[in-house]
Amino acid sequence: MSKNVKFIQGNEVCVEAALYAGLDFFAGYPITPSTEIAEHMSLRLPQTGGKFLQMEDEIASICAIVGASLTGHKVMTATSGPGFSLMQEGLGYAIMTEIPCVIVNVQRGGPSTGLPTGPSQGDVYQARWGVHGDHAIIALTASNHQDIFSITVDAFNMAETYRTPVILLFDEVVGHMRERLVVPEPEEIPLVERLRTSVKAGVDYHPYLPREDGRLPMSDFGGVHRYNVTGLFHDMWGFPSNNSGVTHGLLRHLVDKIKNNVEVITRFKEYYLEDAECILISYGSSARSALHVMENRRSRGDRIGLLELQSLWPFPYELVRKKCANAKHIVVVEMNMGQVIRAVKRAVDHPDRVVLANRIDGFFINPTDIKNILRLIQGKGV
Amino acid sequence: MERCRLVFSGSGGQGIITAAVILAEAAVLHEDLIAVQSQAYGPEARGGASRSDVIIADSEIRFPKVTQPNVLVCLTQEAYNKFYSIIRPGGLLLTDTRYVRTWDKVDARQREVPMFQTVMDRIGNPVVLNILMLGVLIRLTEIVRPESIMKVLETRIPPDFLEMNRKALYLGTELGSSFIS
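Line order of the protein sequences matches chains W and R. Mapping of the first sequence onto this note's numbering: residues 375 to 756, in sequence order. Mapping of the second sequence onto this note's numbering: residues 659 to 839, in sequence order.
For reference, chain W alone in the conformation it holds in the complex (with noise of 0.2 angstroms):
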């Protein structure tokens, strides 16, 4: 058998994926359930020529890998729940300085400290709205191993893209368990590096001056050229402004430079969508469960399909809209009270046919509870 097959757990799959995607600097500090990210990174960092750091707290942590990636690093830190609450600031920071960087949150049950060995997925919204201030994000998931690879890769390519912080929406499921990955060929998935300026030394360079194309080319800090760095709006050189129209400017570029582009950033797989009278939405985890009925319900002649997001912000609401434009009835699975069911009922022509099959008990969503949510809606009762 080749050599690049594993039987790893979903949080190693991440660490091998950020280190394809030529991850060189990991800050973090442990937490259930994404101990196996960093305890993982611990080690394969340093064979592979690049730092590990432990922190003292999760706001060091994020901190850090800002810092990292502005000297010209692939950089992620990794945390669940508590520790993504005490990132949002310097997420914040990211966002408003266009810094490049990943952000893994292996989703626990919560608030607060919550559950920390129970998988749940509600934490979609914090991804979304847990930092102040109007803003645009990116935020990945997946359900399976070989996609839990391919997703990483495709933060860190965004990361790049879009000068953004990219978040990974896992789950405890996908994170703890084990199942075979077939680790990718060297440049069998394309990466996109660091668009570094070509502005010379000792020539002025406008750090936040985007070129023709929209882009804006990064000079490493603490290298040739000298220049700003500030959470408050800022203009081309870097530097403090209130001015109106350099506020309105970069608020405006901040979201439209995601808004612009989500059906270049969505990701999603579809399952006999074509003929479907009941479609499933689902991601992470839960779309294993998902996916469990559809098939097992198509076997019988059923007309069901699954939608599976990878991609749930920027959200695809015009994909959801077209997909769903023909279902009777829609049905939403995840582990939470209902978070990208308001999502879907906002792109749907009908949000009157959109359910929710959830489950918050801090266990594991199982096909049963998705069957019983399908009988009900065929009258059928439980």
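A portion of the hints provided could be inaccurate.
Stated by the list, open to error - DSSO-like cross-link-like pairs, simulated, lysine-lysine; straight-line CA separation at most 30 angstroms: (1) R:K825 with W:K377; (2) R:K723 with W:K380; (3) W:K643 with R:K723; (4) W:K754 with R:K723.
Claimed, not checked - Covered stretches of chain W (chain R as the covering partner; in silico rule of three or more C-beta atoms under 8 angstroms from a C-beta of chain R): (5) 552-563; (6) 664-678; (7) 737-748.
Stated by the list, open to error - Taking beta-carbon pairs under 8 angstroms as the criterion, some of the chain R residues facing chain W (in silico): (8) A682; (9) E683; (10) V686; (11) L687; (12) I692; (13) A693; (14) V694; (15) Q695; (16) S696; (17) Y699; (18) R720; (19) F721; (20) P722; (21) K723; (22) T725.
The set of hints was computed from the structure by calculation and includes no laboratory data. Glycine residues also receive a C-beta, built at the ideal position from the N, C-alpha and C atoms.
Go by the hints and put chain R onto chain W.
Below, chain R without anything else, positioned relative to chain W:
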């Protein structure tokens, strides 16, 4: 092949989870099968009955947990009491004679095997009880070959302990032979 759903249970330190990982890894890396392994991470894993689920199949596995195992291994009485009722009727229920007293009412092929006694008599070190158990299990189920387990052990076990593990595995397959019916 028929989809094989296994639950391994016992108490912390018996190597239950390690055994589950080794079996699933052997299936994937050396038998070209599909496998998923998961385990209890909650308070129950920090004292009390610990548990690990493995599914082995030749087609994609979606739902990764086991609700009704066709193979259940219980290495303590507490684990047996907690899990015997979830076994698929007619499934294989493997227990250790020293640790577990079984009940006749259970609708399963119950195999009470003197695994602990064998490991102490023939090797003298309980640390390889889990590997001996794997030997018994693969002999009774034929789910993977012992060579595949050995290949995994060679990558996981320090060289000085490999021979002891090899001995335990093959003692297990030998012991398992006398419990096939």
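Results of checking the hints against the structure:
Between the alpha carbons of K825 (chain R) and K377 (chain W) the distance comes to roughly 27 angstroms, so the proposed pair stays at or under 30 angstroms and holds. Simply put, K723 (chain R) and K380 (chain W) have alpha-carbon atoms about 20 angstroms apart, close enough for the 30 angstroms limit, and the pair holds. Distance restraint check for K643 (chain W) and K723 (chain R): the Cα-Cα separation of roughly 22 angstroms lies within the 30 angstroms cut-off, and the hinted pair is therefore satisfied. Restraint check: the Cα-Cα separation between K754 (chain W) and K723 (chain R) comes to about 27 angstroms, which is no more than 30 angstroms; the hinted pair holds.
Figure legend: the region 552-563 of chain W, annotated as covered by chain R; annotation consistent (3 residues with Cβ-Cβ distances under 8 angstroms, at least 3 required). Chain R is given as covering the region 664-678 of chain W, and this holds because 3 residues of the stretch bring a CB closer than 8 angstroms to a CB of that chain, at least three being needed. Residue count for the region 737-748 of chain W with a Cβ under 8 angstroms from a Cβ of chain R: 3. That meets the three needed, and the coverage hint holds. The interface hint given for A682 (chain R) holds, since its Cβ lies 6 angstroms from the closest Cβ of chain W, which is under the 8 angstroms cut-off.
The interface hint given for E683 (chain R) is met, as the beta carbon of that residue sits about 4 angstroms from the closest beta carbon of chain W, less than 8 angstroms. Interface restraint check: V686 (chain R) against chain W, minimum CB-CB distance 5 angstroms, threshold 8 angstroms, status holds. For L687 (chain R), the suggested interface contact is upheld, since its CB lies about 6 angstroms from the closest CB of chain W, less than 8 angstroms. For I692 (chain R), the interface hint holds, the least distance from its beta-carbon to any beta-carbon of chain W being 7 angstroms, beneath 8 angstroms.
With a least beta-carbon distance of about 7 angstroms to chain W, the hint placing A693 (chain R) at the interface is held under the 8 angstroms criterion. Here the hint on V694 (chain R) is kept, as its CB sits about 5 angstroms from the closest CB of chain W, short of 8 angstroms. A cut of 8 angstroms between beta carbons decides the hint on Q695 (chain R): the least distance to chain W is about 4 angstroms, and the hint holds. A distance limit of 8 angstroms between C-beta atoms decides the matter here; for S696 (chain R) the minimum to chain W is near 4 angstroms, and the interface restraint holds.
For Y699 (chain R), the suggested interface contact is upheld, since its CB lies about 4 angstroms from the closest CB of chain W, less than 8 angstroms. Given the 8 angstroms rule on beta carbons, the hint for R720 (chain R) holds: about 4 angstroms separates it from the nearest Cβ of chain W. Because the smallest distance between the Cβ of F721 (chain R) and any Cβ of chain W comes to about 4 angstroms, under 8 angstroms, the interface hint for this residue holds. At its closest, the beta carbon of P722 (chain R) sits 5 angstroms from a beta carbon of chain W; the interface hint therefore holds under the 8 angstroms criterion.
This hint holds: K723 (chain R) has a C-beta 6 angstroms from the nearest C-beta of chain W, less than the 8 angstroms allowed. With a cut of 8 angstroms, the hint placing T725 (chain R) at the interface with chain W holds, because the nearest CB-to-CB distance is about 7 angstroms.
The structure fails none of the hints (numbered hints given earlier).
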